[in-house]
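Put together the whole structure using the sequences plus the hints.
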Amino acid sequence: MSNIRITKQFSFETGHALYGYDGKCKNVHGHSYKLSVTVIGSPITDRSNVKYGMVIDFSDLKKIVKEEIVDQFDHATVFNETTPHIELANELKNRGHHVILVDYQPTSENMVVDFSERIIARLPAGISLFSLKLQETESSFAEWFASDNV
Numbered sequence: 002m003s004n005i006r007i008t009k010q011f012s013f014e015t016g017h018a019l020y021g022y023d024g025k026c027k028n029v030h031g032h033s034y035k036l037s038v039t040v041i042g043s044p045i046t047d048r049s050n051v052k053y054g055m056v057i058d059f060s061d062l063k064k065i066v067k068e069e070i071v072d073q074f075d076h077a078t079v080f081n082e083t084t085p086h087i088e089l090a091n092e093l094k095n096r097g098h099h100v101i102l103v104d105y106q107p108t109s110e111n112m113v114v115d116f117s118e119r120i121i122a123r124l125p126a127g128i129s130l131f132s133l134k135l136q137e138t139e140s141s142f143a144e145w146f147a148s149d150n151v
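For the sequence shown, the numbering used here gives the first residue as 2, with consecutive numbering after it.
Read the hints as simulated data drawn from the structure, not as lab findings.
Computed from a predicted structure; not experimentally measured.
Hints are supplied without guarantee of correctness; some may be wrong.
Okay, derived cross-link-like pairs now, BS3-like style, lysine-lysine, Cα gap no bigger than 25 Å in a straight line [to be verified]:
hint: 1; residue 1: K67; residue 2: K52
hint: 2; residue 1: K134; residue 2: K35
hint: 3; residue 1: K35; residue 2: K67
hint: 4; residue 1: K63; residue 2: K9
In structure tokens, the structure reads:
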């Protein structure tokens, strides 16, 4: 049976700051992120299965990505917990803001690696994450491919 790639796209708004960076992105700012998630697998061949012919139901993939990424990162501000930004993060948390602390510099490159790990952990047997594309602006994005990470 052939392997088929299935892609679903998501959008969310997230703020971040890059501690120690030498440009404008050292300031707290946000992006309208677009995330493309591509998985690969063989379509279900069991004719009695309600998902016959599908690699994965788009709604099942949506549930995974929504729970692991979109619902958590949408309208949150992400800070590296190992920098002095922790003080700002704690102040924002105390004022009721949604803050996510990570152990990495929250660049698109590092976020896409984090997202890949979250998605892989939730995929059903027989389905693999093929690639992710995290678009920060219309012209800037980071990509993750399974084939680059074996």
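_K67 and K52 were given as a pair; does the straight-line alpha-carbon distance stay at or below 25 Å?_
Holds. K67 to K52 sits at ~21 Å (cutoff 25 Å).
*Taken at face value, is the distance from the CA of K35 to the CA of K134 at most 25 Å?*
holds (8 Å)
*Decide if the proposed pair is consistent with the structure: K35 and K67, CA atoms, cutoff 25 Å inclusive.*
With Cα atoms ~13 Å apart, K35 and K67 stay inside 25 Å; holds.
*Would the pair K63 and K9 pass a check requiring their Cα atoms to be no farther apart than 25 Å?*
holds (7 Å)
Comparing the model with each numbered hint stated earlier shows that all of them hold.
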